[in-house]
Amino acid sequence: MFKKSKLTLIIGLLMIFMMSVLAGCAQEEAPDQSADQPPAAKELKLATTTSTEDSGLLDYILPEFEKDANYKVQVIAVGTGQAIEMGEAGDVDVILVHSRAAEDKFVEDGFGVDRRDVMYNDYLIIGSTEDPAGIKGEADVLKAFVAIQEKQAPFVSRGDNSGTDKKEKGIWKKAEITPEGDWYIEVGQGMGDTFRMADEKKAYTLIDRATYLALKDNYQLEPMVEGSPDLLNPYGVIPVNPEKYAHVDFEGATAFAEWLTSEKGQQMIGEFGVDEYGQALFVPDAK
Amino acid sequence: MEILVQGLKEGFLLIWQMDAEIFDVTLLSLQVSLTALVLSALIGVPLGAALALTKVRGKQVILNTVYTLMGLPPVLAGLLVYLLLTSRGLLGQYELLFTPAAMVMAQVLLAAPIVCGLTARAVLALNQEVYDTAATLGATRRQATLSIMREARMGIIAALTTALGRVIAEVGAVMLVGGNIRWSTRVLTTSIVLETRMGNFSTAIAIGIILLTISFAINLFILTLEKRTFRYENTIQIT
Numbered sequence: 000m001f002k003k004s005k006l007t008l009i010i011g012l013l014m015i016f017m018m019s020v021l022a023g024c025a026q027e028e029a030p031d032q033s034a035d036q037p038p039a040a041k042e043l044k045l046a047t048t049t050s051t052e053d054s055g056l057l058d059y060i061l062p063e064f065e066k067d068a069n070y071k072v073q074v075i076a077v078g079t080g081q082a083i084e085m086g087e088a089g090d091v092d093v094i095l096v097h098s099r100a101a102e103d104k105f106v107e108d109g110f111g112v113d114r115r116d117v118m119y120n121d122y123l124i125i126g127s128t129e130d131p132a133g134i135k136g137e138a139d140v141l142k143a144f145v146a147i148q149e150k151q152a153p154f155v156s157r158g159d160n161s162g163t164d165k166k167e168k169g170i171w172k173k174a175e176i177t178p179e180g181d182w183y184i185e186v187g188q189g190m191g192d193t194f195r196m197a198d199e200k201k202a203y204t205l206i207d208r209a210t211y212l213a214l215k216d217n218y219q220l221e222p223m224v225e226g227s228p229d230l231l232n233p234y235g236v237i238p239v240n241p242e243k244y245a246h247v248d249f250e251g252a253t254a255f256a257e258w259l260t261s262e263k264g265q266q267m268i269g270e271f272g273v274d275e276y277g278q279a280l281f282v283p284d285a286k
Numbered sequence: 000m001e002i003l004v005q006g007l008k009e010g011f012l013l014i015w016q017m018d019a020e021i022f023d024v025t026l027l028s029l030q031v032s033l034t035a036l037v038l039s040a041l042i043g044v045p046l047g048a049a050l051a052l053t054k055v056r057g058k059q060v061i062l063n064t065v066y067t068l069m070g071l072p073p074v075l076a077g078l079l080v081y082l083l084l085t086s087r088g089l090l091g092q093y094e095l096l097f098t099p100a101a102m103v104m105a106q107v108l109l110a111a112p113i114v115c116g117l118t119a120r121a122v123l124a125l126n127q128e129v130y131d132t133a134a135t136l137g138a139t140r141r142q143a144t145l146s147i148m149r150e151a152r153m154g155i156i157a158a159l160t161t162a163l164g165r166v167i168a169e170v171g172a173v174m175l176v177g178g179n180i181r182w183s184t185r186v187l188t189t190s191i192v193l194e195t196r197m198g199n200f201s202t203a204i205a206i207g208i209i210l211l212t213i214s215f216a217i218n219l220f221i222l223t224l225e226k227r228t229f230r231y232e233n234t235i236q237i238t
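Sequence lines, in order, name chains A and B. For what it's worth, numbering that gives the first Met the number 0 labels the leading residue of the first sequence as 0, then goes sequentially. For what it's worth, numbering that gives the first Met the number 0 labels the leading residue of the second sequence as 0, then goes sequentially.
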């Protein structure tokens, strides 16, 4: 018994030793990476929606902006609601979101200045092939929503006050329906989680194209309704007002907004996703 | 600071007005966590005691495993239960995913090792004397074992309170297997995450206060019970 416990002790110590050696290696490597970067890059805090981050768009365009403007962008990817709150609290320098009404209010209340159109993507309704509400191929999303409600077909809603959630609620309102009942499942989670739950429940859901294309191979739901004008989703970039918060980096925020709407930024947005999915995920529309 | 004060105000208001949704959410939190606690106690206490009192091969390895599982990341526990219950999973046919039952399962996975491990420790901390004394007084093996459990009850109560604290405050597992569905599987912790994500910080704080108040009340209840059973025994005093 004594021998055994001694052995355990030795093995345990060995493992701890090995782990600390590995950790040490990792730490040594870290400075090498940062040495590659230009020394005086300033930090810019961007609050944006999970859709721009999860789709991979930011990973695609930000390195180029960072090189051009010598900034290091710190991305805080949250729901549109929280992103705007962060802007209102002066916790970030610039926001990139998609909820036109909330964006206009943000500017009207004096928290942001100089909103610019950047791009749009679109939403689609996806559902299981069984299609209990019979909406596959329906051109008008309003009619599809009416059918879903009439059939009480399960529909998973983000229910988190995000841009996508507001879009969905807007469509229900336009269709003059108050969605409630067992069939209407409000999950209060992000797009990826909502997709997963809708798939599990064989339910319909409203999803942005970028997230759908990125995750569709993992799940079985298929497009039911797309291309309806009510399903378009414009994104705007808004620097936080320096008159409200003196500490925000207005210069950097403006540089970011200008870069996004520049010819180069717009071109990169337009080509993102073509290689991987055969179609662009976002359509640039800066004026 | 402003948000904290606002949160406090809102919290009292939510409780005072018995907001239907928050009442529902609070009730489910209690139901899920207390059920998980009872099941964990039924599994963990006997198992922990057995591990401490019997000689089995590989006892050290088993104990070590239990101690490791005490630190199981909630989201990993959730994932394991998720994979078990998903429609393509082993128990998929029972359609338990996104139900309170699934949440209880995940929480038992988190709490049972804590109850088991801490019970084992409490029993192991006792001396041979306890058993010997009981045996000398003519107790049967069974009675002597029971008297050991009686001696270890302080540690077992600590195990149960720790386990309850872990499950009622846990969010990763219940979010995953429960799904945070409104009016169905939304609990206090997942509500806090949701409100935070929506930027409603004061509401999030308010719900946090409700959660802490409940924990406080439960612990008060347990402590009162504890005091009653220890009334005739001396506690340590430094003179």
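Hints are computed from structural coordinates only; laboratory data are not their basis. None of the values given here were measured: they were computed from a predicted structure. Each hint should be verified, as a subset may be incorrect.
In silico lysine-lysine, BS3-like type, Cα no more than 30 angstroms apart, as pairs [said to hold, decoys possible]:
hint, chain 1, residue 1, chain 2, residue 2
1, B, Lys226, A, Lys243
2, A, Lys135, A, Lys150
3, A, Lys71, A, Lys201
4, A, Lys104, B, Lys8
5, A, Lys215, A, Lys142
6, A, Lys44, A, Lys71
7, A, Lys135, A, Lys104
8, B, Lys226, A, Lys165
9, A, Lys201, A, Lys173
Structure-based check of all given hints:
1. At roughly 56 angstroms between alpha-carbon atoms, Lys226 of chain B and Lys243 of chain A are farther apart than 30 angstroms, so this suggested pair is violated.
2. Taking the CA atoms of Lys135 of chain A and Lys150 of chain A, the gap is near 14 angstroms; set against the 30 angstroms cutoff, the hint holds.
3. For the hint linking Lys71 of chain A to Lys201 of chain A, the alpha-carbon distance of about 42 angstroms lies beyond 30 angstroms, and the restraint is violated.
4. A threshold of 30 angstroms between alpha carbons decides the hint, and for Lys104 of chain A with Lys8 of chain B the separation of about 27 angstroms falls inside it, so the pair holds.
5. Between the alpha carbons of Lys215 of chain A and Lys142 of chain A the distance comes to roughly 25 angstroms, so the proposed pair stays at or under 30 angstroms and holds.
6. Restraint check for Lys44 of chain A and Lys71 of chain A: the C-alpha separation of about 9 angstroms stays at or below 30 angstroms, so the hint holds.
7. Between Lys135 of chain A and Lys104 of chain A the alpha-carbon distance is near 36 angstroms, which puts this suggested pair outside the 30 angstroms criterion.
8. Restraint check for Lys226 of chain B and Lys165 of chain A: the C-alpha separation of about 53 angstroms exceeds 30 angstroms, so the hint is violated.
9. In summary, the hint linking Lys201 of chain A to Lys173 of chain A is supported, as the alpha carbons are separated by about 25 angstroms, within the 30 angstroms threshold.
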